[in-house]
Structures are given as structure tokens and as C-alpha cells.
Amino acid sequence: MSVSTSRGAPFASGPADGGLDPAARSGYADHPPRVGFFTDTSVCIGCKACEVACKEWNAVPEDGLELTGMSYDNTVGLGASTWRHVAFIEQPVVAAASTPAPAAAEGVRWLMASDVCKHCTESACLDVCPTGALFRTEFGTVVVQDDVCNGCGYCVGACPFGVIARREEDGQAHKCTLCYDRLGAGMEPACAKACPTESIQFGPLDELRERAALRVADLRAGGQAQAQLYLDDPDDGIGGGGAFFLLLDEPEVYGLPPDPVVTTRDLPNIWKHVGLAAAGLAATGIALGLGRRSG
Amino acid sequence: MTQVENGQPDRAPGREGRGGRRRRRDDALMVPDAEFTSYYGRPVIKEPAWGVPDVPGYLFLGGLAGASSVLAAGAQVSGYGELARVAKVGALGAISLSAVALVHDLGRPERFVNMLRVFKPSSPMSVGSWLLAAYGPVAGAAAVSDLTGILPAAGTAATLGAGLLGPGIATYTAALICDTAVPGWHEAHREMPYLFAGSASCAAAGLGLLTLPPAAARPARTLATLAAPAELVAKRLLLRRLGDIAEPYETGRPGRLLRAAELLTVGGLAGAVLGRRNRAVSALAGASLLAASALTRFGVFEAGLATARDPKYTIIPQRRRRDRRGMN
Chain W
1 MSVSTSRGAP FASGPADGGL DPAARSGYAD HPPRVGFFTD TSVCIGCKAC
51 EVACKEWNAV PEDGLELTGM SYDNTVGLGA STWRHVAFIE QPVVAAASTP
101 APAAAEGVRW LMASDVCKHC TESACLDVCP TGALFRTEFG TVVVQDDVCN
151 GCGYCVGACP FGVIARREED GQAHKCTLCY DRLGAGMEPA CAKACPTESI
201 QFGPLDELRE RAALRVADLR AGGQAQAQLY LDDPDDGIGG GGAFFLLLDE
251 PEVYGLPPDP VVTTRDLPNI WKHVGLAAAG LAATGIALGL GRRSG
Chain V
296 MTQVENGQPD RAPGREGRGG RRRRRDDALM VPDAEFTSYY GRPVIKEPAW
346 GVPDVPGYLF LGGLAGASSV LAAGAQVSGY GELARVAKVG ALGAISLSAV
396 ALVHDLGRPE RFVNMLRVFK PSSPMSVGSW LLAAYGPVAG AAAVSDLTGI
446 LPAAGTAATL GAGLLGPGIA TYTAALICDT AVPGWHEAHR EMPYLFAGSA
496 SCAAAGLGLL TLPPAAARPA RTLATLAAPA ELVAKRLLLR RLGDIAEPYE
546 TGRPGRLLRA AELLTVGGLA GAVLGRRNRA VSALAGASLL AASALTRFGV
596 FEAGLATARD PKYTIIPQRR RRDRRGMN
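Residue numbers (my numbering), protein chains in the order written: chain W, 1 to 295; chain V, 296 to 623.
Possibly wrong hints are sitting among the right ones.
Some chain W residues judged to face chain V by a derived CB distance under 8 Å, without partners named [to be verified]:
| # | residue |
| --- | --- |
| 1 | 151 |
| 2 | 221 |
| 3 | 222 |
| 4 | 281 |
Which bits of chain W does chain V cover? Going by a derived footprint, with three or more residues having C-beta under 8 Å, they are [stated by the list, open to error]:
| # | stretch |
| --- | --- |
| 5 | 25-37 |
| 6 | 77-91 |
| 7 | 152-163 |
| 8 | 258-269 |
| 9 | 285-292 |
Hints listed in this document are in silico derivations from the structure and should not be mistaken for laboratory results. C-beta: ideal position from N, C-alpha, C; glycine also.
Chain V with its partners taken away, still in its complex shape (with noise of 0.2 Å):
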């Protein structure tokens, strides 16, 4: 009787003794190493076919839009007129160019209709579309209307409207990059949502304190000194959950923009802070935030790619649930 040898490194093609050796901060949450078979190293699963810079892009400008209609609501509705209107153009600026990147990543932009052609709450995108659709028109009547002082009250409502449709665009990009296969998406969809809202805001309090004097851009300083903090937070528990998988997030190239982004954000909130009565120190701060968004949403795009690229962040804990759940 013979058997096929089970459990040598040798054994089959592709089988990679690697997988889960960095050390990470807290001992307690590493996972034993572990070997892994895979079939000649080849992903499990496809890469997303999501271009950079189009898709990343969007996360970071959607984000910048959603935020800044939250933020010109509320800085119409306490009085601070110069910024609301710098966010009510930001907001148009942003979703507009969004608007342009996703249908140039589409792969038949000329069918980008077709987004509208039904509506499925199991599709993030499909949501996201008809969210799209709602809120573009209104940011743009808000920001028009604003500029021009045509329909001044149409326009109050449009800023309203368009500041309770933001935090939907500003977040529904989480569900959106989370409801796929791939792990270092997937695996972090509880804290993605957060991570975004709160990169969303900084971009969007950073856009009105690299435009505005400090006296007129208080609520952005407000946001700027909530978000930063809810944002590095999120990160924190967003890698923890991670687990092996946050490899990609700490290491290479996505590893390096999450890192600049960090600093950045810390430094746009100290400078948000202390720079209340600096002009110049407020507006560098209101560019490390802005910069500082870009870079978290270029590094998770990224490291999630890097996890869907190397079969090791889809096999090993799928393959540590099946032992554990005693199939075989």
C-alpha cells in the first residue's frame, strides 16, 4: 500500500514554506506560522480589474465630496459663510472629477447607463450609483446657487440635501471595496467604514483650512481635530483584525503611502490645532490632510491588491477555518 506523503515542503508544485513570519507588535494576536500549498504560487482568486488611479482616485475625491457637503451644511447653518461656499465647490470639483474617472475605468464607458438600469441592494456599486445620481445634481445646485445667488433658498435646500446625502457617499465606498473576495478588503469590512469616514472628513477640514484664513475656517479646525483622531483609530483596529493579513498594509509600497499618510495626518492636526491663529501654519495643515486622505485611500487600495495577488492571504486562514471547523 503506498500513499501519497502528506505534509512535505516538497511535496507539490507551488508549496511555499512562507506565510505569516513577520513579527508584529502584539504577540497575542500572531498566528502560527504556517505552510501553505498552492498551485505553482498562483493567486486563488483574480485581482481586482479596478485601474489606479482611476478607482483609488475615486475613494479619495468621493470621500472629499461626501465630507465637504457635510461640512458646508454645517458651517452654512453656523454662520460661516466663506467656507461653506469653498466646500460647496470642492464638493462639486471632486464629484465631478469622480464622476470622470469612474466611467473611465469602466470597460465600455459608453454603456456607463447601464449603472442606472436596475437597482440591487446586494451591489454596493449599484447603491452607490443611484446615491451618485442623487446627490451630484444637488451638491451642484448647492455650489451654483451658492456662487451665482440664483435661488438662494432652492440653493440653502440643495446644501442641506446634499449634506444628508454625503456621509452615504463618503462611506458607501467601504461596502463597496469590502463586499468582494478579496481578504485584505473583505476580512476588514467591520473598520473600513470608519477608516473612510474619517479620511473623508480630514480631506474635506483640510480643503477648507488650505483655502481659508483660521478665523473662517473653525468648523473645518472642529472636524480636522474629531476626524484625525477617529481616523488613526480606526486604522489601528482595522490592522488588528487584519491580523497576517495586514501584512500588505505595513510592508512595500502601500506599506510606505499608510505610513506617509499617518504622519501626515498627525501633523495636519497638530498644525489644525495650533495653527488657529497662523494662517500659513493652518493651510500647510489643511494640505497634510488633504495629501494625507489621497495617500490612505492609494495605500488600501493597494494592500488589498497585494492580497488578492499572493495566494497565501486567501488559502491560509481559509484553510486554518476548515481545520478548525474539522472538515476534511
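Bound-form chain W, shown alone (with noise of 0.2 Å):
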């Protein structure tokens, strides 16, 4: 046994961290630029050849074969073996009051976005995974170890994306690995290499959220008024994500949550509240012996 964080800190995987990024927060003292996924959902075209290539790359089982009749989604949702999930939402779109449109442009407007593992800079799952089999590697990214999940299903609780999750073959938990193996060899993850929109854009951290910057700026100026990035920002409820969006309606639309905050911010106050509680059982505890028996 270890007294260690598996590459986190002691309390959460990223309070405060000085500029530091989350692989040297980690301990890797030398090691590769952060990178991850800026996924452009404006020009996402629904193919799913993300979903398919994710599943060939990484060996993914069979998730269900049914119809939902939620859009063309019949993926459903991220889970243990789905590492990518293209959402489809079919929008009315009416001409504003004030501005008389042309026809063409009312009717239904498609929203489709490729949604995947968030790679928090804080992550939940991270901190809640009490074998160390889920760690953070050299590139910032979040991995499971197989051979050391022994599929307590603690993460699948703790993240508030809903993305990792147990799978019923093996029982233990899997998701995105952002083709860790990939990155190890110089290649780009299967999805991004799949994409022919570029919908998926893999790279360095920062040169993503620069060039997201540009386009959110553009879309904006070209009247999408709800054109918005999603997790792009350090200083958000999970530190910024490893993986960021840019979306054209609020997150909830797409089914991601409007504001989240990574659990384990608040595990200070929870211990407190349980070292209190404890204290105050064991102040009974004492006041019972105290009492002499009588009789």
C-alpha cells in the first residue's frame, strides 16, 4: 500500500493549483503539453462516425441495438460502452417579431452535438476512486486501469456529467480514454480522425480554447446570439474541462448540465460536518460511562 493521491492531491484532484496544470499538479515533472477535444457542435453534421470509429479503435461492446425515437439518436447517452454520444435535437424556428424573415429560413433547425468524457481539470471520479485505478495521465487526460477497477461504481455517482459508468459484462467502470494509447504513439484519437467536419478538434489545450475563442466571436457576429462555449473557462465549477464545447443553445438542451461543480469542492465542509457528528457521538459515548450504575 501507498499513502498516495494516484497522482492527485489530498483532497481533491485541484483546489487552487497556482497555474499549475493538472499533470503537474500530479507529479509529472516533466511531461507532454495538456490536450483535448474542442468539439465545434455548429458544425457537427450528425454522421456518428465519431461513435463507430470509438468503438473500433477501442474494442467497445455492443451498447443496445434499439430505436428510441428520440430524433436519429438511438445511442441514447454516454455510458461504459458508449464513449461518444451524438445528441440530435430538432428545433421550431420562427421569424422574429420585429424582423420580417424570409420563409426559408423558418421551420426546423437541427442542433447536433458529439458529446464525450470531460477530462476535468477537477475530476470527480479522480478523487472518489478509492483503488487508484482511475489516475491522470502525462497529457492531463483521465484513464481507468482495468486490472485495478475492482467496480465499487463510486465514480459513476460522483461525476456530474453522467458519463462514466459500470458495465454489466465485467462490472467494472469504463469511459473515454482520449485514445490514451494514441497519444502515446503521436496519433490523434479516433474520433478527431474521424470527423470530416472537424466538428472534433484535438490538440494542445491551449492553442483549442484560443481558436474556440475565434469562432464563438464569429458565430456571434454572424447572428447566432446563443453561439456559447462550454467548459472552457479555468475558473469554472470543474476547473475548466479537459474537453469543451461549442454550443448553440444552453447546455441542458443538449443534456449536459447548465452549472456544474465537481463533488469534492465541497469535501472539506463534508468531513467537517462528519468530524462534528463523530465528535458529538463519542461525547455521548463518554457521558454513558460516566453514568454509575445504581442498584
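Hey, can you piece these two chains together into the complex? The hints should help.
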């Protein structure tokens, strides 16, 4: 046994970090730049090549073949055997009351978005994993070690995005590895490689953030007032995502939480109250011991 | 220029006009009715992979064990030998069953020992595993020494040691469930440890009252009279804190479990006080308190799962927080 935090800080994977990236904070002295995904949903065409490429490369088993009736989405959501998920949203579009619009612009607008593990800077799954099966890689990503996970399921309820899940067949937790094996060989992840429209962009996180800021500014200037970046901000509730998104509507429309906060931010406070409650119980025990038996 | 119409109920799939409609006792705490959008009504977070009855059963048994060890130490020092023995044996039995439940709940039970691969304060499950690893043998030694009379001095030391570790065993499970993304647990993290400490104490007191004549179970009665009101108050504060998210705690199956638990707690408290000279009343009170503790844990557990299953409990509070901050 080692008194380690499996490459995490003692209380959480990233309280105020003084500008250190997660890999450095996790103890990697000399490491490659942090990489991630920028998923620009404005150019997603819903082809699901990312879903297929991910399954093929990572040998992820079949995850159900039902028709859901949820537009073209029969994948439903991320899970133990679904590491990329394309969401389909059909929205009625109406002309703005003040400005008469060409009739062709009315009707339905399609939102399509490829969801994936966010590889959070402050990662709840990593924090709560009791075995050290989940760890931070030198690329700043979060990966499960299949030979260590004992299927306790703690990560499943801890993830604020509902990404990681336990697979029935082997009883273990699984999620996107950001193609850790491909990164090691200097290749980009399979989903990004397969994406025909560059909706999924892979690269050093710093560069992706710059690119995303330009893109969202362009879209807004072009009249897409609701275009917004999601999880790009290092000051948000998860310290920013290693995978972040450009969305054309509010996050919850895509099934994403509007303001996720990593649960372990409250853990010091939780332990404080546990400590006080335990102290109260111990004091009660002492009080019971002081009462002498009479008769 | 066209725009996507905002704020229309039919705008996006899964836009439901429900959420937080129920009247609550205190209108000042009511949050305004909220419309919210979701993706086809799908949950945002995953329901924890923890099974029923394994995990809620463990919450109950772990509490019973931890608080029983506290009661055993108190009873032993104050000269209530029979009660101390019952509590020690109860603690050993409960913690043994807990261990079985915990291992059984793992996806890969044969790898349970991986729990002791690292020590991580950021993981309440890791902390709990180490606590259990320390507590189990000590509680076992205390019970075995008491039953067999072997090594009485070591037995007393083990009794006190288990009494010291017991409060941790009884309360860390609150951290375990609150340190998740489950709204109905996480948002209750300031009150849950006190609720669990109270519930665990009621269970331990209940075991003593159930198995011993009133005169021999006096410390158990004292514990019940302290713990039951504390638990009831903690639960009230918890529900108040949760506001809209408290809905599953008050409705449906978990609501029924928790209401039954409350009635049994109140009845058990009354019986413990009134039955100080009546064995039957005292025993009935003990059984009520034990049952109440189990129902409380199952109720809290299932209420949490319900808040994970319905996206409104995740989305509405976060949307409100985000709007208040003026993001977008």
C-alpha cells in the first residue's frame, strides 16, 4: 500500500493550483502539453463517425440496438460502452417578431453535438476512486486502469456529467480514455481522426481555447446570439474541461448540466460535519460511561 | 433575420413544465416554479451503481455497529456488563454482515482488497475502507474476549478502541453518499452526518432495549432519549436545506419509508421513556428504533436515487445558480 492520492492532490484533484496544469499537479515533472478536444457543434452533421471510430479503435462492446424515437439518436447517452454520443435536437425556428424573415429560414433547426468525457481539471471520478484505478495521465487526461478497478461504482455517482458507468459484462467502470494508446504513439484520438467536418478538434488545450474563442466570436457576429462556449473556462466548477464545447443553445438542451461543480470541492466541509457528528457521538459515549450503575 | 424562439414550452425535446410545483410548509422557502429544458427528459447524471439492499443495508448495519461500540464502551465503564456484551456482539454481527454486503456490491468482488491499495482522503470510500479495516478486528476482539473471558484486559482495551473508532464508522457513510453528484445527497451534506449519527445511535439503543430488561439497559434508554430527538431535528433541517430537491424525501416510496421511520422513532422514543419498568414496552420500543433506523437509511438512499433519475433536480438548481451569476 502506498499513501498516495494516485496522482491527485490530498483533498481534491485541483483546488487553487497556482497556474499548474493537472499533470504537473499530479506529480509529472516533465510532461507533454495538456491535450483535449474542442467539439464545435456548429459544424456537426450528425454522421456518428466518431461513435463508430471510437468503438472500433477501443474495441468497445455493443451497447444496445433499440430504436428510441429520440430523433436520430438511438445511442441515448454516454455510458460504459458508449464513449462518444451524438445528440440530435430538432427545434422549431420562427421569424423574429420585429424583423420580417425570409420564409425559407423558418421551420426546424437541427442541433447535433458529439458528447464525450470532459477530462475535467478537477475530476470527481478520479478524486473519489478508492483503488487508484482512475488516474491522471501525463497528457492531463483521466483514464481507468482495467486491471485495478474493482467495480465499486463510486465514480458513477460522482461524475457531474453522467459519463462514467459500470459495464454489466465485467462489472467494471469504463469511459473515454482520450485514446491514451494513440496519444502515446503521437496520433490523434480515433473520433477526431474520423470526424469529416472537424467538429471534433484535437490538440493542445491552450491552442484549442484560442481557436474556440475566435470561432464563437465569429458565430456571434454572424447573428448566432446563443452561441456559447461550454467548459472552456478554467474558473468554472470543474476547473475547465479537457474536452470543451461550442454550443448553439443552453447546455441542458444537449443534456449537459448548466453549472456543474465537482463534488469534492465541498469535501473539506463534508469531513468537517462528519467530524463534528462523530465527536458528538463520542461525547455521548463518554457521558454514558460517567453515569454509574445504581442498584 | 431569424432566431430560435426562446422560452417556448414546445421549443426543444424534453422541455417539461414541471419541476418544483409542490407546496411546502414554509412558503418563504418556496422556490418559484421553474420551467426547464432537458434532453428528451433523460437524466443528466448517472444513477449510482450501488445496489439495494446491499448499500442502504450497509448504511444501516455500519451505523448499528459503530454506535453499538460506543454504547458498549459507555456501558462497560459504567458497570452495565450485560448491555456491553449485547452491544459488542451486535457490533461484531453488524459489521460482519456489512462487510459481506459491501463486497457483494462490488462489480469485481474478488478484487475487494484493492480498496487497501492506496489511502486517499479525497475518497470517503478509501477512508471508510481503512476505518473498517482497523475497526473490524478491534470490534471482533472486544466481542470474542467478552464472550469467552479470554484476555480480559485486552478485551477492555479493544472495547474502548472500538468505542473510539465507532463514531467514525457510524458517520463516515454520510460523507460517502454526500460526496457525489446526486443532488438529494450532495446538497444535504451539512446535515446528513448528524442524521446518520442520530439514526445509528437509535439503532444501537434499540438493540439494547430489545434484548435486555429495562433495568439492565439504562444507558441504551439514555442514548435513545438523546439520539432520537437529535435525529428528528437533523432530518427537519436537512429537508429545509434541500428545498425543492426534498420532494422525493416526502413523496413516493422513499417518502413513505421516511414517514414510517419518523413514526417509529417517535414511538420508540416514547416507549423507551415510558417502558422503564415494563419489559414488553421497552422491547417494543427497541424494535421500533431498530426498524426506524433501517427505514431511514433505505428512505434516504432511495430518495437520492430519485433525484439522480429525474433531470429536473440537477438542471433547475444549476440553471438558477448560473442565471444568478449572470453567465451566458
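Going down the list of hints, with the structure as the test:
1. 151: Because about 2 Å separates residue 151 of chain W from the closest Cβ in chain V, which is inside the 8 Å limit, the hint holds.
2. 221: violated, 13 Å
3. 222: violated, 11 Å
4. 281: holds, 4 Å
5. 25-37: violated (count 0)
6. 77-91: As far as the stretch 77-91 of chain W goes, the hint holds, because 6 residues have Cβ atoms under 8 Å from chain V.
7. 152-163: holds (count 11)
8. 258-269: holds (count 8)
9. 285-292: holds (count 8)
Consistency note: the structure conflicts with the earlier hints numbered 2, 3, 5.
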